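Asks: Chains as they are written, first to last, in my numbering: chain A, 1 to 584; chain B, 1 to 584.
Treat the hints with care, since some could be wrong.
Unchecked claim - Derived coverage of chain B by chain A (criterion: at least 3 residues anywhere in the stretch with Cβ under 8 Å from a Cβ of chain A; other residues may be distant):
hint, region
1, 101-110
2, 127-141
3, 186-193
4, 227-234
5, 553-563
Derived from the structure by calculation, the hints contain no laboratory data. Here the structure is a predicted model, which is why all the values come from computation and not from measurement. Glycine is no exception: its CB is placed at the ideal position from the N, C-alpha and C atoms.
2 protein chains.
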Amino acid sequence: MLRTNNCGELNLAHVGNKVTLAGWVQKTRNKGFMIWVDLRDRYGITQIIFDEERTDKETLEMAQNLGREFVIQIEGTVIERESKNPNMPTGAIEILAESFKILNASKTPPFTIENETDGGEELRMQYRYLDIRRNPVRENLIFRSKVSLAIRNYLSSYNFIDVETPYLIKSTPEGARDFVVPSRMNAGEFYALPQSPQTFKQLLMVGGMDQYFQIVKCFRDEDLRADRQPEFTQIDCEMTFVEQEDILARFEGLLIHLLKEIKGVEVSDFPRMTYAEAMQKYGNDKPDIRFGMEFAELTDLAKGKGFPVFDQQELIVGIAVPGAATYTRKQIDALIDWVKRPQIGANGLIWVKCNEDGSFKSSVDKFYSQEDLQAWAASTQASAGDLILVMGGEVNKTRTQLSALRMELAEQLGLRDPEVFAPLWVVDFPLLEWDEESKRFHAMHHPFTAPKPEQMKLLATDPGAVNANAYDLVLNGNEIGGGSIRIHDAAVQETMFDLLGFTKEEAQAQFGFLMEAFQYGAPPHGGIALGLDRLVAILGGQETIRDFIAFPKNNSGRDLMINAPASIAATQLDELNLVLKPTS
Amino acid sequence: MLRTNNCGELNLAHVGNKVTLAGWVQKTRNKGFMIWVDLRDRYGITQIIFDEERTDKETLEMAQNLGREFVIQIEGTVIERESKNPNMPTGAIEILAESFKILNASKTPPFTIENETDGGEELRMQYRYLDIRRNPVRENLIFRSKVSLAIRNYLSSYNFIDVETPYLIKSTPEGARDFVVPSRMNAGEFYALPQSPQTFKQLLMVGGMDQYFQIVKCFRDEDLRADRQPEFTQIDCEMTFVEQEDILARFEGLLIHLLKEIKGVEVSDFPRMTYAEAMQKYGNDKPDIRFGMEFAELTDLAKGKGFPVFDQQELIVGIAVPGAATYTRKQIDALIDWVKRPQIGANGLIWVKCNEDGSFKSSVDKFYSQEDLQAWAASTQASAGDLILVMGGEVNKTRTQLSALRMELAEQLGLRDPEVFAPLWVVDFPLLEWDEESKRFHAMHHPFTAPKPEQMKLLATDPGAVNANAYDLVLNGNEIGGGSIRIHDAAVQETMFDLLGFTKEEAQAQFGFLMEAFQYGAPPHGGIALGLDRLVAILGGQETIRDFIAFPKNNSGRDLMINAPASIAATQLDELNLVLKPTS
Numbered sequence: 001m002l003r004t005n006n007c008g009e010l011n012l013a014h015v016g017n018k019v020t021l022a023g024w025v026q027k028t029r030n031k032g033f034m035i036w037v038d039l040r041d042r043y044g045i046t047q048i049i050f051d052e053e054r055t056d057k058e059t060l061e062m063a064q065n066l067g068r069e070f071v072i073q074i075e076g077t078v079i080e081r082e083s084k085n086p087n088m089p090t091g092a093i094e095i096l097a098e099s100f101k102i103l104n105a106s107k108t109p110p111f112t113i114e115n116e117t118d119g120g121e122e123l124r125m126q127y128r129y130l131d132i133r134r135n136p137v138r139e140n141l142i143f144r145s146k147v148s149l150a151i152r153n154y155l156s157s158y159n160f161i162d163v164e165t166p167y168l169i170k171s172t173p174e175g176a177r178d179f180v181v182p183s184r185m186n187a188g189e190f191y192a193l194p195q196s197p198q199t200f201k202q203l204l205m206v207g208g209m210d211q212y213f214q215i216v217k218c219f220r221d222e223d224l225r226a227d228r229q230p231e232f233t234q235i236d237c238e239m240t241f242v243e244q245e246d247i248l249a250r251f252e253g254l255l256i257h258l259l260k261e262i263k264g265v266e267v268s269d270f271p272r273m274t275y276a277e278a279m280q281k282y283g284n285d286k287p288d289i290r291f292g293m294e295f296a297e298l299t300d301l302a303k304g305k306g307f308p309v310f311d312q313q314e315l316i317v318g319i320a321v322p323g324a325a326t327y328t329r330k331q332i333d334a335l336i337d338w339v340k341r342p343q344i345g346a347n348g349l350i351w352v353k354c355n356e357d358g359s360f361k362s363s364v365d366k367f368y369s370q371e372d373l374q375a376w377a378a379s380t381q382a383s384a385g386d387l388i389l390v391m392g393g394e395v396n397k398t399r400t401q402l403s404a405l406r407m408e409l410a411e412q413l414g415l416r417d418p419e420v421f422a423p424l425w426v427v428d429f430p431l432l433e434w435d436e437e438s439k440r441f442h443a444m445h446h447p448f449t450a451p452k453p454e455q456m457k458l459l460a461t462d463p464g465a466v467n468a469n470a471y472d473l474v475l476n477g478n479e480i481g482g483g484s485i486r487i488h489d490a491a492v493q494e495t496m497f498d499l500l501g502f503t504k505e506e507a508q509a510q511f512g513f514l515m516e517a518f519q520y521g522a523p524p525h526g527g528i529a530l531g532l533d534r535l536v537a538i539l540g541g542q543e544t545i546r547d548f549i550a551f552p553k554n555n556s557g558r559d560l561m562i563n564a565p566a567s568i569a570a571t572q573l574d575e576l577n578l579v580l581k582p583t584s
Numbered sequence: 001m002l003r004t005n006n007c008g009e010l011n012l013a014h015v016g017n018k019v020t021l022a023g024w025v026q027k028t029r030n031k032g033f034m035i036w037v038d039l040r041d042r043y044g045i046t047q048i049i050f051d052e053e054r055t056d057k058e059t060l061e062m063a064q065n066l067g068r069e070f071v072i073q074i075e076g077t078v079i080e081r082e083s084k085n086p087n088m089p090t091g092a093i094e095i096l097a098e099s100f101k102i103l104n105a106s107k108t109p110p111f112t113i114e115n116e117t118d119g120g121e122e123l124r125m126q127y128r129y130l131d132i133r134r135n136p137v138r139e140n141l142i143f144r145s146k147v148s149l150a151i152r153n154y155l156s157s158y159n160f161i162d163v164e165t166p167y168l169i170k171s172t173p174e175g176a177r178d179f180v181v182p183s184r185m186n187a188g189e190f191y192a193l194p195q196s197p198q199t200f201k202q203l204l205m206v207g208g209m210d211q212y213f214q215i216v217k218c219f220r221d222e223d224l225r226a227d228r229q230p231e232f233t234q235i236d237c238e239m240t241f242v243e244q245e246d247i248l249a250r251f252e253g254l255l256i257h258l259l260k261e262i263k264g265v266e267v268s269d270f271p272r273m274t275y276a277e278a279m280q281k282y283g284n285d286k287p288d289i290r291f292g293m294e295f296a297e298l299t300d301l302a303k304g305k306g307f308p309v310f311d312q313q314e315l316i317v318g319i320a321v322p323g324a325a326t327y328t329r330k331q332i333d334a335l336i337d338w339v340k341r342p343q344i345g346a347n348g349l350i351w352v353k354c355n356e357d358g359s360f361k362s363s364v365d366k367f368y369s370q371e372d373l374q375a376w377a378a379s380t381q382a383s384a385g386d387l388i389l390v391m392g393g394e395v396n397k398t399r400t401q402l403s404a405l406r407m408e409l410a411e412q413l414g415l416r417d418p419e420v421f422a423p424l425w426v427v428d429f430p431l432l433e434w435d436e437e438s439k440r441f442h443a444m445h446h447p448f449t450a451p452k453p454e455q456m457k458l459l460a461t462d463p464g465a466v467n468a469n470a471y472d473l474v475l476n477g478n479e480i481g482g483g484s485i486r487i488h489d490a491a492v493q494e495t496m497f498d499l500l501g502f503t504k505e506e507a508q509a510q511f512g513f514l515m516e517a518f519q520y521g522a523p524p525h526g527g528i529a530l531g532l533d534r535l536v537a538i539l540g541g542q543e544t545i546r547d548f549i550a551f552p553k554n555n556s557g558r559d560l561m562i563n564a565p566a567s568i569a570a571t572q573l574d575e576l577n578l579v580l581k582p583t584s
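Given the sequences, and given the hints that come with them, work out the whole structure.
Replies: Following this line, the structure appears as structure tokens:
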């Protein structure tokens, strides 16, 4: 060991000890006759002192030339500090240096290695190894490691077996786009990287493994929206001989355990909400329930009162913004502009101020009486001092727009406290969703989700009305996991592929192995997958998953540090039997 | 839950309980008036009984038609068995069935789901989900999960942080062949799948993470020798501010912990052997030291005695095979044929029987006196009753051949007891090895391994003589891990790339980011990587890693179950800007 102690552990109990420390120079203060060095490692910072009375001349001179981020090894004695720093675990002591060695010099880093850095996103990604030296980034990675180990130990204690499934699998065009890997040994053929180990975990259940988990990388070749990564990490789980309730109980238990173990937060029974209810009350299947502002449908109240804009709408829906009756015209106009932005796409926003005296002032006073507005207030549960905001239009679109507004207002009002945790289950998802563009059904969850047994007959007559025992785990407005009871019957699976527009041949080519497996005693099973990146970010009180990934990629899927992807040698392409398409 | 209990936990304490079990029909015995069903799940087997006195008629009739591997759910009462089976944890009870439900039927499986199956390798791989139902395969996977969790908890307890490094990285032609992944968003460019996270873990050390581990999939596109997989799992570790000794101590500790925790075997201080010593004594850098038969160099003793075959050899080397003096001419001829096979390629084998009366009988009696042979015996430490086998030829070739013979003999003599564990460290590996074919040096370990500091000067004058602080962890004749102290100085790294034949431009293009990182305060660091597949197999008392991988690939890199790799859609290729090379 090049050190006897780390930079975070020495205190008054060690005074008088001879120690050797190694680390990075965080900063130096040089008064000529005395030099202080803050020495940093993963564990903390320890102050080193050189002075002309107690340090030999040569050492003192060497210390004059120490630059930021130099790596040094110092030997010295722990002494008590004159002016203590109570905010640092090592703040009561310092090390009187006797000798030191420069283990490696450093050029001046391109940005400051401080909690708040002057480096922009791109620069920090290019020098990610320097970014990781900063406390917040390092602590995020350590936090992730802790969460991940706690998950493993929790699931293992409940008899889940960690099974590694393959990364080189087969491309299945259903769902998102696959990353593919050309096979050299099988010319013209390709592996695909898994979008999830879905079929493998189901086959493990067919194989009698009973309870499986894996923390595993998954891959999707999608155009990257903000805060998506082409490779991401999934906590993947599956259980046999279970019903939906068993899965919810176990993974509710996992999240309760993590919140307690990692955050010291006690949460108990999670609320349940059907998909239909979530859409109706929050316009969103991953509602943030840390705050209210639930939707009130005002269609019946607002139609037929002579306001032509509303009269023609399918849905009229409002929320009560707490304490916002004092908003100025300018503030309200800003909200109207906000919903009219192309990203939201609303036509406008009706407002009603609930005055303290019980009267109402609205942008539609011409059409609605005080009694009408009173009824709106009752419906939205608005109190005196609140501001009611109302939108109208096509059902789904309007809900989505008002949901975005609700989140924006919560953000503005500071209602999204990252240290409050409000998990819930959203259940009873539709099995299928109709896609207008391709004029066919898509699987809402995935093609392996089972219809609710009692609705099985509807599959033939009205498939769009069939629900699934599918569920999402939602935390603070984010879907952190989703799962379902799976199909375990070959005939049902065939029907499902048929509904999704697969020909028999396509289904056979892509999933023949699964349908065959179902003929050899496949047990009832179900499971869930949680997004580790997102879960860790939310538990860490942050929203950006990139901050919890050691080496993330940018929005073009590029690793700026190693500069990947990159061109490969012609011989490599040739061995893979591939030719680049001439650029047109 | 579709069950109240699993099939492995009921015993006399539960007699009288009403239970519900679910599982697979292992077998049925039908006496008409009485039917026994062995019901199996991951946890064990429980006997179910239906009889005409106590079971209703309809249920009994249904039970008549149960086939192997049907999945059923049964309700019944735990009763004491008349004839108990002491070899089964549930052998004292059975379940008197009241009702049951077929959860899924099964076609007759293509091979028997028994400890010893009639299914061939290929069939079992095609129906791997059925193979996994067999106890030995399932137990191997559970064992792997246990080992893996024990490793994580051990390393975490010593402050190692589990950091996930990326899978989509950059191709670096040095070393084995990469699997590559075409990038759709960056036309004409490719990612590569990591052969190991080597550079990333070093960058984590540069980033101050101090101690890192990861259990991670790695990929090599090699022509598959027996028992190699294109994707394999590595326990990847790195430490900062350490010397070789610190790393050996920590990972010796890990293996001691695993052997104790998982196998109940106590092992202490591992022997150390230099690479040179291992080659000289065992002809092999991963010697199996569970048994003796150490090499004795007989060159000086055997040359110049008029035996022309030996007189012209560079090395003459022998081993004493314990108790083999009784071998018949036929047995010895078989050994001679064995070493002459093209896989070994030896020209022949000289033998000397050490008779019980102290005399010697050899195949070269014409050239060597009893005193000569006595000296050979002394050198090989042969006792009366042993058989000395001697080979001669070019040093490296002869050592390799005799090493193969030594292992074969140990196998024949039953000296490779899978329940004996003999770990050791092989240290002081050469930094470089000369490749005759390409007329240049290759890195013996990898290009990031540091020369021994005291030999740094030799790099310029005699690079082939330089050793490294590189080490292998060897267990029962298998290298289960290897590592080194790394280069952390940009200039040394440049020299190394230069020695390995990289041009400055190549080094910059491939590893520029690493050499740049070394200029910003890179600390001294080193690490190790262990092969999890191999480690688990050896701890499990077996030699084949495939048996410890849930879904392995065959020697053509093919997954026979899902039939991957496969062709992909023309649109996929097109989006990736690729064209298949016309087959010639």
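Asks: Verify this for me: three or more residues of the region 101-110 of chain B with a beta carbon less than 8 Å from a beta carbon of chain A.
Replies: holds (count 6)
Asks: Residue count check for the region 186-193 of chain B against chain A: does it reach three with CB-CB under 8 Å?
Replies: holds (count 8)
Asks: Quick check: do three or more residues in the region 127-141 of chain B have a beta carbon closer than 8 Å to a beta carbon of chain A?
Replies: holds (count 9)
Asks: Please count how many residues of the region 227-234 of chain B have a CB within 8 Å of a CB from chain A and say whether that reaches 3.
Replies: Satisfied; 3 residues make the cut.
Asks: If you look at each residue in the region 553-563 of chain B, do at least three have a Cβ nearer than 8 Å to any Cβ of chain A?
Replies: Our answer is that it holds, as 8 residues pass the Cβ test (under 8 Å) against chain A, meeting three.
Taken one by one, the earlier hints all hold for this structure without exception.
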